[in-house]
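**Q** The residues making up each chain are set out below.
There are 2 protein chains.
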Amino acid sequence: MNVAEDHLKSSQMKPVTARADGSPASEPVVSKRSARGKLLAQLLRTFGDPPVELVLWNGERIAPARVTPVATVHLLDRGVPLALLRDPQIAFGDLYSEGRIDIEGDHVRLLEAVYRGSASREKHPMLRALSRVLHRPRANTLGGSRDNIHRHYDIGNEFYSLWLGHTMAYTCAYYPTASATLEEAQIAKMDHVCRKLRLRAGERVVEAGFGWGTLALHMARAYGVQVRAFNISHEQVQYARERAKAEGLADRVEYVEDDYRNITGRYDAFVSVGMLEHVGVENYPTLGGVAARALASNGRGLIHSIARNRPARLHPWIERRIFPGACPPSIGEMARLFEPWDLSILDLENLRLHYARTLTHWLERYEAQIERVRSMFDEKFVRMWRLYLAGSIAGFTTGTLQLFQVVFAPHDNNDIPLTRAYLYPG
Amino acid sequence: MNVAEDHLKSSQMKPVTARADGSPASEPVVSKRSARGKLLAQLLRTFGDPPVELVLWNGERIAPARVTPVATVHLLDRGVPLALLRDPQIAFGDLYSEGRIDIEGDHVRLLEAVYRGSASREKHPMLRALSRVLHRPRANTLGGSRDNIHRHYDIGNEFYSLWLGHTMAYTCAYYPTASATLEEAQIAKMDHVCRKLRLRAGERVVEAGFGWGTLALHMARAYGVQVRAFNISHEQVQYARERAKAEGLADRVEYVEDDYRNITGRYDAFVSVGMLEHVGVENYPTLGGVAARALASNGRGLIHSIARNRPARLHPWIERRIFPGACPPSIGEMARLFEPWDLSILDLENLRLHYARTLTHWLERYEAQIERVRSMFDEKFVRMWRLYLAGSIAGFTTGTLQLFQVVFAPHDNNDIPLTRAYLYPG
Chain A
1 MNVAEDHLKS SQMKPVTARA DGSPASEPVV SKRSARGKLL AQLLRTFGDP PVELVLWNGE
61 RIAPARVTPV ATVHLLDRGV PLALLRDPQI AFGDLYSEGR IDIEGDHVRL LEAVYRGSAS
121 REKHPMLRAL SRVLHRPRAN TLGGSRDNIH RHYDIGNEFY SLWLGHTMAY TCAYYPTASA
181 TLEEAQIAKM DHVCRKLRLR AGERVVEAGF GWGTLALHMA RAYGVQVRAF NISHEQVQYA
241 RERAKAEGLA DRVEYVEDDY RNITGRYDAF VSVGMLEHVG VENYPTLGGV AARALASNGR
301 GLIHSIARNR PARLHPWIER RIFPGACPPS IGEMARLFEP WDLSILDLEN LRLHYARTLT
361 HWLERYEAQI ERVRSMFDEK FVRMWRLYLA GSIAGFTTGT LQLFQVVFAP HDNNDIPLTR
421 AYLYPG
Chain B
1 MNVAEDHLKS SQMKPVTARA DGSPASEPVV SKRSARGKLL AQLLRTFGDP PVELVLWNGE
61 RIAPARVTPV ATVHLLDRGV PLALLRDPQI AFGDLYSEGR IDIEGDHVRL LEAVYRGSAS
121 REKHPMLRAL SRVLHRPRAN TLGGSRDNIH RHYDIGNEFY SLWLGHTMAY TCAYYPTASA
181 TLEEAQIAKM DHVCRKLRLR AGERVVEAGF GWGTLALHMA RAYGVQVRAF NISHEQVQYA
241 RERAKAEGLA DRVEYVEDDY RNITGRYDAF VSVGMLEHVG VENYPTLGGV AARALASNGR
301 GLIHSIARNR PARLHPWIER RIFPGACPPS IGEMARLFEP WDLSILDLEN LRLHYARTLT
361 HWLERYEAQI ERVRSMFDEK FVRMWRLYLA GSIAGFTTGT LQLFQVVFAP HDNNDIPLTR
421 AYLYPG
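Chains A and B, in that order, are what the protein sequence lines are.
Okay, so the first sequence: first residue is 1 according to the numbering used here, each after it adds one.
Okay, so the second sequence: first residue is 1 according to the numbering used here, each after it adds one.
Keep in mind that the hints were calculated from the coordinates and are not lab data.
Keep in mind that this is a model prediction, so the values were computed, not measured.
Just so you know, not all the hints are guaranteed correct.
Some chain B residues close to chain A (C-beta under 10 angstroms, calculated; not the full set) [unchecked claim]:
no. : residue
1   : Gln226
2   : Arg310
3   : Ile345
4   : Asp347
5   : Phe404
6   : Ile416
Here chain B is said to cover these stretches of chain A; the calculated rule only asks that three of the stretch's residues, wherever they fall, bring their Cβ under 8 angstroms from a Cβ of chain B [as the list claims (entries may be wrong)]:
no. : segment
7   : 72 to 82
8   : 251 to 257
In this text, a Cβ means the ideal position worked out from N, Cα and C, and glycines have one as well.
Excised from the complex, chain A in its bound form (with noise of 0.2 angstroms):
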């Protein structure tokens, strides 16, 4: 089963096969080009050439040599070429959701045109040096961190649950079968996750950083664990305690409006899916020292999060508009959070394609209910968030980000069951 292959599949809404204006794909038009259409086609080049053809407000069009464009991008005013020369990153993703750049064709695959071909350019250390000094991500002390998630989680609990789904998770889903929805998909990934932490009833559990809390409600309701869960946005705190006395399990899941650092106290397990993300690496060593000291001698703990292959940056226009302060940790420096206090890595689970599919889902969701949208914030808003979705689905389709599970546990521990069968019944 090709994860990849099938999301191609799904999201090629518009295959762009011939140019609009109707010649042949294998030949296409090159016209004449003004300075300004030179320097465009200078930019295209430092992105690697992806195949995309780029059309100017009076008609100019830059197309890609010998190839056919996966997709269009409209240049809408005479203002776009200059913000996109000066920075990019950043002016393509505001071009976009203000409207003055749209994009003809699939979004997503002009989206993983443009990563492949950056994919070159950012092995640059000069280039990838700059951008870290415009880029520089938010602070995450105390108070940067609580700012930070302020600014995406509590952007209203009724516009991610337009999308979310009823389990409202904001998290990669676990697809057993290319055919489960995304429902079946976020419940399979808790229990994924419960298995590999190895939950017995009566066990207790710390859990850092709890979005709307279904991770919790899951693992109390399905193994009978009692669960103290950490999280700093106000309104994921509100919404998940209101849940768990609807659902009868207050008094089996406790939601701490707190931050992870504040964590005391023993448990048999340890998790965090989709916070590490939020962290900062500067933080590593602290979160794993939360761990390691959170962690009963034969507590198991998992941490699932987006990393990259390399140390980097994330895009910084999604850094700046959509996550502030968000950083993926490579594997070395995933590796800071657990060195430091003697943590064995157990398993290891990269589950990026698991992640196309799972975007793909929200996006379809998404668009689906872009009129409710529309109506709750602006078209800027909407348009924006369409960019984010699509770009992550690039993001992972392309391998420019990947989705790490890890379990982990106290060096000393033993109890490790002799093959991970277990984890996959029947």
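Since chain A is already given, all that's left is putting chain B on it; use the hints.
**A** Just chain B now, kept in the frame of chain A:
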């Protein structure tokens, strides 16, 4: 199923529940200490006061307070204490090999107690720094590697065949069930590796470091692939070529007597089992580059290696007497292999308790063949290898050593199975 409990059951040949002089275990007799005895007690403290009793050549006993010793160490002449105080980590192994130290009781339990006690001591950065200067590993230049490998692997195929069994696999086996024999577990390990690599008939595989050639033959025989395998141990290359000829597989397995750094060509799979320990961290980017260049765009790689929870030298006695130049990496160090080349880690499995089990099987066979070993070498060699095998078991059961099996792929290879269930059929 708990591997460690099971191991302890099988290796606990002489449980020490009472003192040799018959006094009850809960109140060990502490004789009046000489100046020498006080220094030795001090030495035990720097190792975290393991529950071990020392007996000097003159009958003086240094017994732990309030705990039952797991074993008794006899210091058989008056030169032993000074040598131990000067450089305990090297001297203990050397004095044991020379018969100037003897161990009464289970060797593995003794070494486990020392490793557990040392765990806290190891954290002290000054002691770690001192140990690094005193015990610098031998360099792994092209010439250095050849010499280092010659010293361990070329001491005689016949010797290894006494206790490795007919598979001649000198790496961690994989026990699908607790009752698997060594041979079954070695074959299961090879199948586990081949399944993780998703080998298909007709594919081309390159192997870096092939031991006695067992895995290469298995891949060709059971999976129908074409293998090109590299090794710098002359004795092993000769042995492997004869096996391939005898099995009629010489046309499908090519054994090359050369360094992994000289691998050329493109392959569907890259595999290296038990070589990384000898590569040296400084050469990881080079090895990663070899793998990255060797892999086709839909290729898969697997590295199987002893590892550590944090950067640390191998035990200096093992490094000096048994494995010159060896240094198992932490995950942060291993990252240097993958990150420069944008290789994606797809899966990591920690098999440390499988190695404890494998080594227990090896040690049992070694002891059963002890007279043959004695006739091939001498008493010093016999004792040295016993201590090495027992110490390695203790390393894996105490979590001082890990065993990582890492599957990786080029960043844009999307041909990834949806789940890992295919590794666990039935």
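**Q** So, for every hint listed, does it hold in this structure?
**A** Results for each hint:
no., hint, verdict
1, Gln226, "violated (24 angstroms)"
2, Arg310, "holds (4 angstroms)"
3, Ile345, "holds (6 angstroms)"
4, Asp347, "holds (6 angstroms)"
5, Phe404, "holds (8 angstroms)"
6, Ile416, "holds (6 angstroms)"
7, 72 to 82, "violated (count 0)"
8, 251 to 257, "violated (count 0)"
Against the hints set out earlier in the document, violations occur for numbers 1, 7, 8.
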